[in-house]
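*Asks:* Here are the chains, one letter per residue:
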Amino acid sequence: MQILDRRLNPSGRSLPNRQRFLRRAKALVQEAVRDASAKRDIRSADEGGEVSIPLHGIREPSFHHGAGGLRDHVLPGNKEYREGDEIQRPPSGGGGGGSEGSPEGGGEDAFRFVLTREEFLSLFLDDLELPDLAKRRLVEGADPAWHRAGYSVAGTPANLSLARTMRNSLSRRIALKRPKPEAVAALEAEIASLEGQPGSEERIAELKAELEVQLKRSQRIPWIDPIDVRYRRFEPVPRPVARAVMFCLMDVSGSMTEDMKDLAKRFYTLLYIFLQRRYKHVDIVFIRHTHEAAEVDEETFFHSRETGGTLVSTALEEMRKVVADRYPPSDWNIYAAQASDGDNAAGDSQRTARLLIDEVLPACQYYAYIEVGRDGEHGMPGFPRGPTDLWRTYEQLVSAGAPMAMKKVRNRRDIFPVFRELFAKRGLLEEAKA
Amino acid sequence: MNAPVSTPGLLYEGADWDFATLMRIHDACEEVAVRDLGLDCYPNRIEIISAEQMLDAYASTGLPLFYRHWSFGKQFAQHEALYRKGLRGLAYEIVINSDPCLSYVMEENTATLQALVIAHAAFGHNHFFRNNRIFREWTDAKGILDYLEFAKGYIADCEDKYGEIAVERVLDSAHALMNYGVHRHHRRTIDLRSEEQRERERRAHDEQMYNVLWSTLPERANQAIGADEVEKRRAMLQLPQENVLYFLEKSAPRLAPWQREVIRIVRNVAQYFHPQRQTKMMNEGCATYVHHRILNTLHTEGQLSDGALLEALHSHTSVIMQPDFDDPRYSGINPYALGFAMMEDIERICREPTEEDREWFPDFAGCGDPMPVLRHGWAEFRDESFILQFLSPHLMRKMKFFHLKDDAAQPVLRVDAMHDERGYRRVRRALAKQYDPAWMDPDIQVVDVDLAGDRRLILEHRVQDGRLLEEQEARQVLRHLASLWSYDVLLREVDPATGASLREHAVSPPR
Numbered sequence: 001m002q003i004l005d006r007r008l009n010p011s012g013r014s015l016p017n018r019q020r021f022l023r024r025a026k027a028l029v030q031e032a033v034r035d036a037s038a039k040r041d042i043r044s045a046d047e048g049g050e051v052s053i054p055l056h057g058i059r060e061p062s063f064h065h066g067a068g069g070l071r072d073h074v075l076p077g078n079k080e081y082r083e084g085d086e087i088q089r090p091p092s093g094g095g096g097g098g099s100e101g102s103p104e105g106g107g108e109d110a111f112r113f114v115l116t117r118e119e120f121l122s123l124f125l126d127d128l129e130l131p132d133l134a135k136r137r138l139v140e141g142a143d144p145a146w147h148r149a150g151y152s153v154a155g156t157p158a159n160l161s162l163a164r165t166m167r168n169s170l171s172r173r174i175a176l177k178r179p180k181p182e183a184v185a186a187l188e189a190e191i192a193s194l195e196g197q198p199g200s201e202e203r204i205a206e207l208k209a210e211l212e213v214q215l216k217r218s219q220r221i222p223w224i225d226p227i228d229v230r231y232r233r234f235e236p237v238p239r240p241v242a243r244a245v246m247f248c249l250m251d252v253s254g255s256m257t258e259d260m261k262d263l264a265k266r267f268y269t270l271l272y273i274f275l276q277r278r279y280k281h282v283d284i285v286f287i288r289h290t291h292e293a294a295e296v297d298e299e300t301f302f303h304s305r306e307t308g309g310t311l312v313s314t315a316l317e318e319m320r321k322v323v324a325d326r327y328p329p330s331d332w333n334i335y336a337a338q339a340s341d342g343d344n345a346a347g348d349s350q351r352t353a354r355l356l357i358d359e360v361l362p363a364c365q366y367y368a369y370i371e372v373g374r375d376g377e378h379g380m381p382g383f384p385r386g387p388t389d390l391w392r393t394y395e396q397l398v399s400a401g402a403p404m405a406m407k408k409v410r411n412r413r414d415i416f417p418v419f420r421e422l423f424a425k426r427g428l429l430e431e432a433k434a
Numbered sequence: 435m436n437a438p439v440s441t442p443g444l445l446y447e448g449a450d451w452d453f454a455t456l457m458r459i460h461d462a463c464e465e466v467a468v469r470d471l472g473l474d475c476y477p478n479r480i481e482i483i484s485a486e487q488m489l490d491a492y493a494s495t496g497l498p499l500f501y502r503h504w505s506f507g508k509q510f511a512q513h514e515a516l517y518r519k520g521l522r523g524l525a526y527e528i529v530i531n532s533d534p535c536l537s538y539v540m541e542e543n544t545a546t547l548q549a550l551v552i553a554h555a556a557f558g559h560n561h562f563f564r565n566n567r568i569f570r571e572w573t574d575a576k577g578i579l580d581y582l583e584f585a586k587g588y589i590a591d592c593e594d595k596y597g598e599i600a601v602e603r604v605l606d607s608a609h610a611l612m613n614y615g616v617h618r619h620h621r622r623t624i625d626l627r628s629e630e631q632r633e634r635e636r637r638a639h640d641e642q643m644y645n646v647l648w649s650t651l652p653e654r655a656n657q658a659i660g661a662d663e664v665e666k667r668r669a670m671l672q673l674p675q676e677n678v679l680y681f682l683e684k685s686a687p688r689l690a691p692w693q694r695e696v697i698r699i700v701r702n703v704a705q706y707f708h709p710q711r712q713t714k715m716m717n718e719g720c721a722t723y724v725h726h727r728i729l730n731t732l733h734t735e736g737q738l739s740d741g742a743l744l745e746a747l748h749s750h751t752s753v754i755m756q757p758d759f760d761d762p763r764y765s766g767i768n769p770y771a772l773g774f775a776m777m778e779d780i781e782r783i784c785r786e787p788t789e790e791d792r793e794w795f796p797d798f799a800g801c802g803d804p805m806p807v808l809r810h811g812w813a814e815f816r817d818e819s820f821i822l823q824f825l826s827p828h829l830m831r832k833m834k835f836f837h838l839k840d841d842a843a844q845p846v847l848r849v850d851a852m853h854d855e856r857g858y859r860r861v862r863r864a865l866a867k868q869y870d871p872a873w874m875d876p877d878i879q880v881v882d883v884d885l886a887g888d889r890r891l892i893l894e895h896r897v898q899d900g901r902l903l904e905e906q907e908a909r910q911v912l913r914h915l916a917s918l919w920s921y922d923v924l925l926r927e928v929d930p931a932t933g934a935s936l937r938e939h940a941v942s943p944p945r
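Chains as they are written, first to last, in this note's numbering: chain P, 1 to 434; chain E, 435 to 945.
Be careful, since some hints might not be right.
[Said to hold, decoys possible] Here are the in silico distance ranges between beta carbons for each label pair: (1) P:152 / E:452: 53 to 61 Å; (2) P:52 / E:665: 53 to 61 Å; (3) P:277 / E:842: 53 to 61 Å; (4) P:154 / E:633: 51 to 59 Å.
For the record, the hints were derived by calculation from the structure and aren't laboratory data.
Where a beta carbon is used, it is the ideal one built from N, C-alpha and C, also for glycine.
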């Protein structure tokens, strides 16, 4: 009898099987991931999680009996039945006496399992890309890259440079005339062959003296001396780090309902996850505005209520200030997403457009405007609602070639497609257009 | 080193254990198993694993090393999700039919559970594996681990050489036909150890062999093909053939050698598991009976504390729980429950038989010592024949078995027999049939190949009791079959009595 402890064996033995399974079910899992991501919080959105996929796509078929024909069941726990009794067939054949008892034949139609964070994200953001090249800067405190930089006389055994050490050893042995092992062996052989031959005593004594000198010399001069030893040296080189800041701008005036905020939040969530995948470090700045704007924390941003008019330019002004204060565009990749129901005070449009063109857009990598609205909103009867003030303003900018994207979102369902459209790989987009 | 034991004679105290404890438990169990029960086991190897490793083992059908395939990943994901949510616990152990006999036990188990597991798996299952005729004839306990190692390496090599997708395609198809990769009737000694070498020899042999499928000699003109011609052709192809995978491995015209070998691996694994399907109820019954006897004996001898016995009994009773048919928890007859009940019933018949028992089991009723009877039963029977031979009226009354006939042509179900004088034999026969693989699996065989025409492969499903195949899945399996065969495949469902064709499925290979 033997007892073996296998607990320390490497774990994750089934990982290759899992990868094969995910590849196999990729389309299904991707869909499930997109569904699941709709229900999450902004910061925890990129954790792994349970998804559920339909079973039919990954079924392993086998021959088995279908319904019909004559069947026999022997069942335990008889209570009132007598021989010859007739029993109504249970509805849908599933319960009572109708279950066939085959292990795979069950009526399971969904398959639930848990994805890790990495798996979740790589499926989620499979074919998206960032719209602009990232700026990289050398930053202090970031973990450096280690580069090879010659040799040193001190170091850890793992970095021992064997070739260099042996080269030093060899040259030192040559310079100090350490006898080669072959030379010593040859001497010994000669002595042995002369041993016992008459008239060679003198020669033997000579050789023995010579041998002794050689042996002493090879004892004094070591094969490898500590001074020969060299280690590979590494030097820390600061690594350029790409940092990003994401500005979330939102109109929180009375006209924005909770639904609209929820839509906006979903969009911000996606953007946050996406940036986090691409940048080591992502800051988020929340700016909300009514007729005046302020930088707030996430909780306040999404949940506190405010009343007031609507001046979009105040938010842009606030953003400009924050950028000037803390996020010099030369060091930071700046992304901004603005959500609004499209209302703006009359007369503010000019100022908004000017701020965008002159100050904000030049500093940004990407500026996205999301106009949220209620599902099936048609405005007042008799007054078909045209484009909103803000939409008209921005449309002019875009048609004049400003680097920004704008989309309308009416429903939760739209969020993902809109996000994908905004960030789809350029190549794909152009193909699609062509 | 040893965990402190304050009461003399006790194997352990409390829930904690270490290797010395396990060793003591094993030795104590062994003594009871050999002395009192007369068991004959392979040497034991007990491996301690974590919960995650247990999930791993689950996913690869309990085998310690297995080739890679997405379906195992799927099972792992499913088990893991259930386990994490706490919907399902893990088995306390997994035992492998090998020599030495491998038992995996979980680190989370308490000392009592380890004792239960060791008595159950390392002695109960172990004895059954070593002595049951079907296991002895159909599996090679010495060679299985080496063979799995070879299989894993071979399939990994194939993936490197031909790509994951190509290998997966063959494995998918072979898995779909796994239940039809088993020789059921004629026996042949199996030596998995030399499989690797035989694989090479087989290739060399096949290259020199004449394959009737490739015959391009022109037919003699205007000669009607006589019945003996058909017979000759079928004989050359060894038809009819119930082992569909075997047939494909040997005769599918367009498979590459590595594809044949992959099919062979799936086939050998299926064959290795085949005895387990046929003896599930007995095997569990034997192991449950053995752990019950061993733990009770240890307790009587003062080696197990009262608390430990109660804990063991708690696990024991939940394992042998049998919900009634109308209970929402009912999902078929629990093999542990029926198996254990039958073993106990045999013990009762040996020790305190009633008149009825003497009449039904004259051979051994009242013989006093149940062990020789049980050991004989465990060695020579499978579930189906064991029930036919040993299920007593007493037990049928106790379990309140009744036989329900479900004829799709009738509007109602009919109670055909129940646990009374008139029904015992009929209930017993019907129950035994439920455990007969020949009855559970549709009877499908390869019957012919259309050599004169388009090399179409013809299979036959001999329909029993009007039970036709589930059509959609059958077509999917046939598509897999066609992709291995590379030409059209036709499955005829025929009535064996009249020979009339009830339904036909024709499938072409994917282009």
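*Asks:* Work down the list of hints and note, for each, if the structure agrees.
*Replies:* Structure-based check of all given hints:
no.: 1; hint: P:152 / E:452: 53 to 61 Å; verdict: violated (48 Å)
no.: 2; hint: P:52 / E:665: 53 to 61 Å; verdict: holds (55 Å)
no.: 3; hint: P:277 / E:842: 53 to 61 Å; verdict: holds (56 Å)
no.: 4; hint: P:154 / E:633: 51 to 59 Å; verdict: holds (56 Å)
In summary, the one numbered hint that this structure violates is 1.
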